[in-house]
Amino acid sequence: MSPYFDSNRAFRIVTGVLKEALRASGRSGVVVSGGGPEEAILLGWLDQAGIPRRVPSDAAVDAARMILLEAGEGAPLPSPPAGEEVGKPILMPGEAAGSAHEADPEWDLEAEASALAGAALARPRGLLHLGAANKSCLLLSGALPTQPVLPLGDVYASEVRSLAGSCTLPPCLRDASPGTLQDVDRALRAYLEEGFGQDEAFDGLAEPLRREVLAGLTRARKAWHPLPLVPKLSRATLGLDLDL
Amino acid sequence: MTPLLGEVDRNEEEIQSRVAQSRGRDLLVFPELALSGYNLRGRAGRFALALGEESPLRLPPGSPAVVLGLPERGEDELVYNTAIVVHEGRILARHRKVYLPTYGLFDEGRYFASGTMPPRVTLLPCGWKIGLLICEDFWHPGLIYLLAMEGVEVVVVLAAAPGRGHPPEGDGETGGIPSSTAPGPWSLFSSQASWALLARTAALQYGIFMVIANRAGVEEGVTFAGESMVVAPDGVLLARGPQAEPAVLDVSLDRQAIRRARSPFAHLRDEDPHFLRRALDRIQEES
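Quick note, the sequences are listed as chains A and B, same order. The opening position of the first sequence corresponds to residue 1 in the numbering used here, with each subsequent residue numbered one higher. The opening position of the second sequence corresponds to residue 1001 in the numbering used here, with each subsequent residue numbered one higher.
Wrong hints could be hidden among the right ones.
Here are the computed lysine to aspartate or glutamate pairs in the EDC-like style, where the Cα-Cα straight-line distance is at most 16 Å [unchecked claim]: (1) A:K19 / A:D6; (2) B:K1129 / B:D1254; (3) B:K1129 / B:E1150; (4) A:K19 / B:E1245; (5) A:K19 / B:E1220; (6) B:K1129 / B:E1220.
No lab work stands behind these hints, which were simulated from the structure alone. Model, not experiment: these values are computed from the prediction.
Sequences are here, hints too, so could you generate the full structure?
Next comes the structure, spelled out in structure tokens:
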């Protein structure tokens, strides 16, 4: 996988898709949430393309964080240290490890708070809500983003890094070096895009990394169960066989 | 052209505008499903037109012959992905897409019925013999073979080909295929290099012109590759549109180029469809 990422190409394709999405849906602009270097890339592209955009305020994100922390029982937990680019596992408020309802270890409080604040900004105004997740995170995490549009969802983390100097990493790669990240992305591309078998594609990854990556794929596979989900009762059902 | 999904009136306006700008030309070719947009899915039936002998478009007198893609409601009430040639108020020819891509991001087999008739050669008022193919049809060489055996001079391919794949590193412009046209922008996708390769091969093999009208624009997450092209019978790229942008290619075809390309070669002369048919019968009997 080449370390060079053609940002002009990606910019052209991504902003072209967003512009058509806005035209076809009749919406006037977008909200971006999710944080990280990916959000910064998106904001730059949107400005360059002249697409009206907003981001949730710090106060809104703070409020969203409090909602998430206090939605269950128990005292608020401290926020992860600022500047960390890796999603941290976190228990739900008041829950101990090993409890019956232990939270998904991949659940990222800061990303969720940003997304919740973004939704609160986007929905009442009819704006398109964009998430910042990159392809490596989507492929290796069971935490499905809540934003309905993921403009960087086809851009690997190593490609984001080549563009921005840093990137958001999936939890299973939190300690990965740039070289390791590139190896993982190359293996994912070989397996998912180029028709290589699983053994062949991931052969170059040492254990336990190989095991972690395959486990991440399994989690992601479950997370991408089709949503929204409407049980079929009639002849033509939204999401299944009814196209408006 | 950039057809807008489900916006027939606007698409027809665009078509009419292009037709008006093309007076004096013999033929104007639009992409696959230009009238309706491509990814209709379950709505294909709602947009399908029943076609008789009259053109579904009212074109002013003196307009060129127009090749247009649209969803068709057949006499059997099935919905087809169809290309028509219209001229002076009448449909001169019709081809229903035979090969419906139903893999990856394509799902045409769920919403369209396959055409059951092979493409046929049509004689245009200007005297050229053309044959129509639609997108995936082009990837099945047997159909071009059939047109060649019937004496086609220009194979016209209507397409809605999405752009896919990163362009080859270090050769983003032509995908390794030399072009006789001025250099264009770097390729966005690697997929169009394959189209050019197939078109040049078919042109060379049969000494025919290949015209590919591929749409531009975006539908949902898919960017259509554009890059329409015209290939001469000697395999040279005569014209190529820009990447993923709407454009008009205005190209004059020289019938002498067919004669030159077919001489001194005898590929077409020596081709034996009877041999092929016997061989195919044997293969099918044995399988």
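Cross-check of the supplied hints:
no.: 1; hint: A:K19 / A:D6; in the structure: violated (20 Å)
no.: 2; hint: B:K1129 / B:D1254; in the structure: holds (13 Å)
no.: 3; hint: B:K1129 / B:E1150; in the structure: holds (10 Å)
no.: 4; hint: A:K19 / B:E1245; in the structure: holds (14 Å)
no.: 5; hint: A:K19 / B:E1220; in the structure: holds (10 Å)
no.: 6; hint: B:K1129 / B:E1220; in the structure: violated (37 Å)
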